[in-house]
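Student: As they're listed, the protein sequences go chains A and G.
To convert, count from 1 in the first sequence and add 4; that's the numbering used here.
To convert, count from 1 in the second sequence and add 4; that's the numbering used here.
Check each hint, because a few of them may be wrong.
One copy or two, either will do: identical chains are not told apart, so a pair holds if it fits within one copy or between any two.
[What the hints assert, rightly or not] Calculated cross-link-like contacts (lysine-lysine; reagent style DSBU-like; alpha-carbon spacing at most 30 angstroms):
id	residue 1	residue 2
1	K387	K26
2	K137	K26
3	K335	K293
4	K212	K330
5	K266	K387
6	K61	K335
7	K438	K398
8	K346	K263
9	K487	K137
10	K61	K346
11	K51	K300
12	K184	K346
13	K51	K335
14	K438	K493
15	K51	K193
16	K352	K259
17	K117	K91
Worth flagging that the hints you see were computed from the coordinates, not collected in a lab.
2 protein chains.
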Amino acid sequence: MSKEITSRAQDYSQWYNDLVIKGGLADYSAVRGCMVIKPYGYSIWEKIQRTLDDMFKATGHVNAYFPLFIPKSFLSKEAAHVEGFAKECAVVTHYRLKNSPDGKGIIVDPDAKLEEELIVRPTSETIIWNTYKDWITSYRDLPLLINQWANVVRWEMRTRLFLRTAEFLWQEGHTAHATKEEAVEETMKMLGVYADFAEQWMAIPVIKGYKTANERFAGAEDTYCIEALMQDGKALQAGTSHFLGQNFAKAFDVKFVTKENKSEFVWATSWGVSTRLIGALIMAHSDDKGLILPPKLAPIQVVIVPIYKTEEQLATINEKATEIKKSLEAKGISVKYDNDDKQKPGWKFAEYEMKGVPIRIAMGPRDIENGTVEIARRDTGEKHTYSFTDLTTKVEHLLEQIQLNIFQKALDYRDEHITRTDTWEEFVDVLENKTGFVSAHWDGTSETELKIKEKTKATIRCIELNAHAEEGKCILTGNPSHKRVLFAKAY
Amino acid sequence: MSKEITSRAQDYSQWYNDLVIKGGLADYSAVRGCMVIKPYGYSIWEKIQRTLDDMFKATGHVNAYFPLFIPKSFLSKEAAHVEGFAKECAVVTHYRLKNSPDGKGIIVDPDAKLEEELIVRPTSETIIWNTYKDWITSYRDLPLLINQWANVVRWEMRTRLFLRTAEFLWQEGHTAHATKEEAVEETMKMLGVYADFAEQWMAIPVIKGYKTANERFAGAEDTYCIEALMQDGKALQAGTSHFLGQNFAKAFDVKFVTKENKSEFVWATSWGVSTRLIGALIMAHSDDKGLILPPKLAPIQVVIVPIYKTEEQLATINEKATEIKKSLEAKGISVKYDNDDKQKPGWKFAEYEMKGVPIRIAMGPRDIENGTVEIARRDTGEKHTYSFTDLTTKVEHLLEQIQLNIFQKALDYRDEHITRTDTWEEFVDVLENKTGFVSAHWDGTSETELKIKEKTKATIRCIELNAHAEEGKCILTGNPSHKRVLFAKAY
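Here chain A stands alone, though its shape is the one from the complex (with noise of 0.2 angstroms):
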């Protein structure tokens, strides 16, 4: 298969298509809108996995596991649930196949009919509450902090590969909580916990803020997000943590016993990341030539690639090639080294650069004499010669490097592309030509951002966590404004 790439500029949507296929990180299945994960793709999303799970552990959450099935009725308990999910959903209407009867392979069973329809979950919040109502008599219950690993499915009718596909790999939390001010922190917590996984681990730069109403989760009372900027100026939602108030008690009647012995409704968050994230980090960091990763999360954080022409100068090379190796593993950084005979050092190099890799090591018989090794940054493509003394720790600080290096690249161009506006021609000028998030006033109704999504394609992305009150007029309708929100185009 050639390795080739479209650049970003030819064709920014096929250059993204063609670093997940080429990259080997995920594929197209025989399953309308499915997608396969690679094992390089997966490996990230393992990586993705531990470190978040690790910090929801830390915040006091545990995991648990939920049907895969929600019984159709249920979608209906939650008025504004069934609008957003009910439409395009997988549904379950059978429960047995058999032989057809003209002996041509097999066919639905009819008298294997549900009594009553299973959709695959779209997202969990019903059959979970449902459950909760059996676990909550009392304060003493809450609050009851839980996160699920799961696959879920939504009927999407165009699909990306990562970005949106028909099923996808997510985690959910559903809390549960005594008071209003406990869940509200919870939210906020969370929506905490998902911008340094972004910032840190990542190096994804994420804007803090909450959506409006027409963006909202369906079923919640606010919906808070963090919204990153992808290299074509369109942004992308990275994680969302809601406040669900008091409405999925009332649909499933989950009530507790106050320390006051009073009956009060529960009160709900629920947050969640998907594999989506990787669609995030391909876009945010890659180039022309291929991916980029951040060290934290890149599968291969060094490679090693030797340059010789006999058996003998490569016996040698291996020999240093495997103590180096087992001194950058001992630190906890996973190295592979490629001796591979049937690959040149060009083959390798470019294959390794198509990969993300954020370190080569390229060592040849020259170097062995000179006790020098050549090293090869991703990121910036810098060639510098170490010698052998303490590399182990130049290694360490040079992954470093990168990981702070191409966040800070990522938030110059992020910073560089919020732009203050308040005439409408700019507004418009800038969505279209120079991209990016457009902060600009609004006057707070739904009519108004529907009209400027018709007119522009932007949406509002959020209004910012830490925006402060200014008086203005609405860049569509002149209405006054206290605050400016982000609009932006967006995935």
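Given the coordinates of chain A, assemble chain G onto it according to the supplied hints.
Tutor: What follows is chain G alone, placed relative to chain A:
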């Protein structure tokens, strides 16, 4: 809720259910046949998962993820496979719901019927081999050593928590090889990994063997298994490893070019264990007071309970207990210090016995004065007083001893329950009264095997890998036999 447990003697099956539900491991759900795995049960699964995943990676495997859905036609491609798996499964026929015209709830939208129905995976050989077709072209692409952690659905009519549920969690390894020898070696290697895990981590002795044609995996050439014995004398299949020959490669046309430039079909294996292991874990060791968990898989390995009357006493104990907890945790031991003042020590003792915590440390004011603690072992019930000196080392040793002891206990029970017999009367009597495995001669025909099952409810659990040649007569027909096989009633 009453924490009283039905005794094994009174009703073994109810005892098991009591442990699962009152021990906080799992619960029934609103969806027929599907369970909710509660946090305590899920944390056991996380330990199983983490340990096995490390073992898989140490043997060269990587993880990936394939779609939840399988197109109906895929199931028909392997003739034996469809017979085994297409019977009872969840069938997705539609992809949309809509508001009911009568305004009451939602209905399946008849316009959103899928062209081809999708099956919720009961196992993934078909979708995976359909994918491998694109991944394998040359011997250079082999071996392909991939594992998947996933949920699967089999529409079982009779379900029991953990042991047999419509949806369960598992891992499924799917490997592809250039030669038959290599595939057979892989099959046996993974059987070995499962046996090691069962014995060294779960403390459950297992017999390695292979299945008769009747009990083979649908689509396999050979099915190898590990068989364990539960306390009621019934066998439980704890893991299987299948040599699939070229069956799936032929069904999905997966060929590769050999080193000699010939085109050949690929050889395959698959292997899996599931949340069923938790059922085995519960039944193998526990007693009438509750769960007994092997230290290596216990979510809480040590619980510390303070015994006090005054706040002052509690303050002193808090200080010492926190110190002990820290020093145990520094050794990687998971510790819970339960100083909740809403419950009495007696209640806590019963609670942690129920939950199977291997070691309980009780500390009162007199202990503090004497520089001692009282340690109770969950497996034997023994209590001893230990001085503070080297307490961490003592606890470490004790955990190792408990791990070994419960394995030995299970091994003794198992070995006492393997009965060699050569007469039909004794065969029937042992199965009915003594229970356990019966080692007997069988004439090698499926017909006889099924007749024996009809008459006794016992099946051939396996033909032991280390069974030696021995001339004899079939226990039922008297026809010649060259090897004994293991019969038992089974879960």
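Student: Provide an ascending list of the numbers of those earlier hints which the structure does not satisfy.
Tutor: Violated hints: 4, 5, 7 and 9; rest satisfied.
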